[in-house]
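Asks: Chains A and B are the protein sequences, given in the same order. In short: position in the first sequence from 1, add 23, done, that's my numbering. In short: position in the second sequence from 1, add 33, done, that's my numbering.
It is worth saying that the hints were derived from the structure and are not from the lab. Possibly wrong hints are sitting among the right ones.
Label-pair restraints from in silico Cβ distances [what the hints assert, rightly or not]: (1) A/Val92 x B/Ile40: 33 to 39 Å; (2) A/Met106 x B/Ser41: 52 to 58 Å; (3) A/Ser113 x B/Gln152: 44 to 50 Å; (4) A/Asp117 x B/Trp46: 41 to 47 Å; (5) B/Tyr57 x A/Arg123: 35 to 41 Å.
Chain B side only, calculated, beta carbon under 7 Å to chain A, not exhaustive [claimed, not checked]: (6) Gly37; (7) Leu53; (8) Gly59; (9) Ala71; (10) Leu75; (11) Ile103; (12) Met115; (13) Arg132; (14) Ala139; (15) Val159; (16) Val181; (17) Leu191; (18) Pro207; (19) Ala208.
In this text the structure is predicted, and so the values were computed from the model without any measurement. Note that beta-carbon positions come from the ideal geometry of N, C-alpha and C, so glycine has one too.
Now for the letters of each chain:
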Amino acid sequence: MLVNQFLLIAAFLFSLGVYGLIVRRNAVMVLLAVELMLNAVNINLIAFEAYLRSAQAVGQVFSIFVITVAAAEVGIGLAIVLMIFRNRASANVDDFNLMRY
Amino acid sequence: MQIGDWISQPVNWVYLPLALVLVYSGIRVVTSQNVIRAALFLVGALASTAGLFLLLSAEFVALTLVLVYIGAVIVLFLFGIMITRAPLGRDVALDHPSRTVGAGVAVALFGFLAFGSIQAFGSAEVQGIGEPTSTEVLGEALLGRFVVPFEVVSFLLLAALIGGITLARKDLSPAEEEAAGAV
C-alpha cells in the first residue's frame, strides 16, 4: 500500500467538505461538511502514523484528540443552531446576520 | 510503481471497495437534496473510514470512530435535523443557487493538495501492514507523554457539556425567576 492512496482520498474528502461548507445553506448541513473535513484530517494522521511508525503511536493519539474535539464541536454547534432557530425560526445561514457589520 | 504491482497486493483489494464507498458517500453527503439522507450517507463515509483505519493497523481509533461518531454524533445530527424542522422531502433550497464558486474552490484545493502529496510521497510504501498497534502502547502514550493534552481535552469536553446545557436551557422571564427564587 502506498501512502499516497490514503493522502489522495483524504485530500478529496477535505475538498468535498470545503465545497459543502461554501454551497450549503442549512446550518446543520454546514456542520456535516465540517465533519467530513475533520474526518479527512484523521485519515491523514493515521496514514502518516502507519508510514512513520513512531514508538508511541503519536499519530493515533492525535487523531483521538481530533475525534474528541469534533464531538465537543458538534455538541456546541448544534446547540447554537437550535438557539438561533428558536429565536429566528430559521436554520438558513443566510438569515444569520446578527454579527454582520 | 506499476498499476499491475499495485493491484497484485491483496490488501489493495480490500482498499478499493472501501475507497469507492467513501468517495461515493462523501459526494452524496454534500450533494444530496434530502437532509436525512445526507446525514445517513455520512454514516457510510465514517464506516468506510473506520475500515481504512483497520487496514492501517489502528484498531483502537477505528472502534473509537465507530462508537463516538456513528454512535453519538450522527444521533445528535438527526436530533438537530428533526428539531430544526428541516424539510424532510426533497428540498431545492438546500444549496446556494450558484455552485460554481464552491466547485471551483474545491477543485483548486484538491489539485493543490494532490500535487503536493504526489510530489512529496511519490511511491513511498506504508510500513508494517498487519502489525496492530497495541492499545497498551496507546494508553501509555495518552497517560504518559500526552497527559497534559489529555487533561485539556477532558476539560474541553466538560466545558462543552456545561455550555450545551446553558444554551439549551429555557430562559425564564423576570416574573418566573422571582417565583423560582421564592420557592
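Asks: Determine for every hint whether it applies to the structure shown.
Replies: Evaluated hints:
Range check, A/Val92 to B/Ile40: Cβ separation about 37 Å, and the 33 to 39 Å hint holds. Between A/Met106 and B/Ser41 the CB atoms are about 55 Å apart, so this pair conforms to the stated range of 52 to 58 Å. The given range of 44 to 50 Å is respected by A/Ser113 and B/Gln152, whose C-beta atoms sit roughly 45 Å from each other. Evaluation of the 41 to 47 Å hint for A/Asp117 and B/Trp46 yields a pass: the beta carbon distance comes to about 46 Å.
A beta carbon spacing of about 37 Å between B/Tyr57 and A/Arg123 agrees with the range 35 to 41 Å that was offered as a hint. The interface hint given for B/Gly37 is violated, since its Cβ lies 14 Å from the closest Cβ of chain A, which is over the 7 Å cut-off. Taken as an interface hint, B/Leu53 does not check out: its beta carbon lies about 10 Å from the nearest beta carbon of chain A, beyond 7 Å. Hint status for B/Gly59: holds, given a least beta-carbon distance of 5 Å to chain A, under 7 Å.
For B/Ala71, the shortest C-beta to C-beta distance to chain A is roughly 6 Å, which falls under 7 Å, so the interface hint holds. Against a cut-off of 7 Å between C-beta atoms, the interface hint on B/Leu75 holds, since the closest Cβ of chain A lies about 6 Å away. At about 11 Å, the closest approach between the beta carbon of B/Ile103 and any beta carbon in chain A exceeds 7 Å, and the interface hint on this residue is violated. Below 7 Å, beta-carbon pairs count as interface contacts, and B/Met115 has none with chain A, the closest being about 10 Å; its hint is therefore violated.
Residue-level restraint check for B/Arg132 holds (minimum Cβ-Cβ distance to chain A is 5 Å; threshold 7 Å). Satisfaction of the interface hint for B/Ala139 is found here, the shortest Cβ-Cβ separation to chain A being roughly 4 Å, below the 7 Å cut-off. Below 7 Å, beta-carbon pairs count as interface contacts, and B/Val159 has one with chain A at about 5 Å; its hint therefore holds. For B/Val181, the interface hint is violated, the least distance from its beta-carbon to any beta-carbon of chain A being 12 Å, above 7 Å.
For B/Leu191, the interface hint is violated, since its Cβ never comes within 7 Å of a Cβ in chain A; the closest pair sits about 9 Å apart. Taken as an interface hint, B/Pro207 does not check out: its beta carbon lies about 18 Å from the nearest beta carbon of chain A, beyond 7 Å. The interface hint given for B/Ala208 is broken, as the beta carbon of that residue sits about 20 Å from the closest beta carbon of chain A, more than 7 Å.
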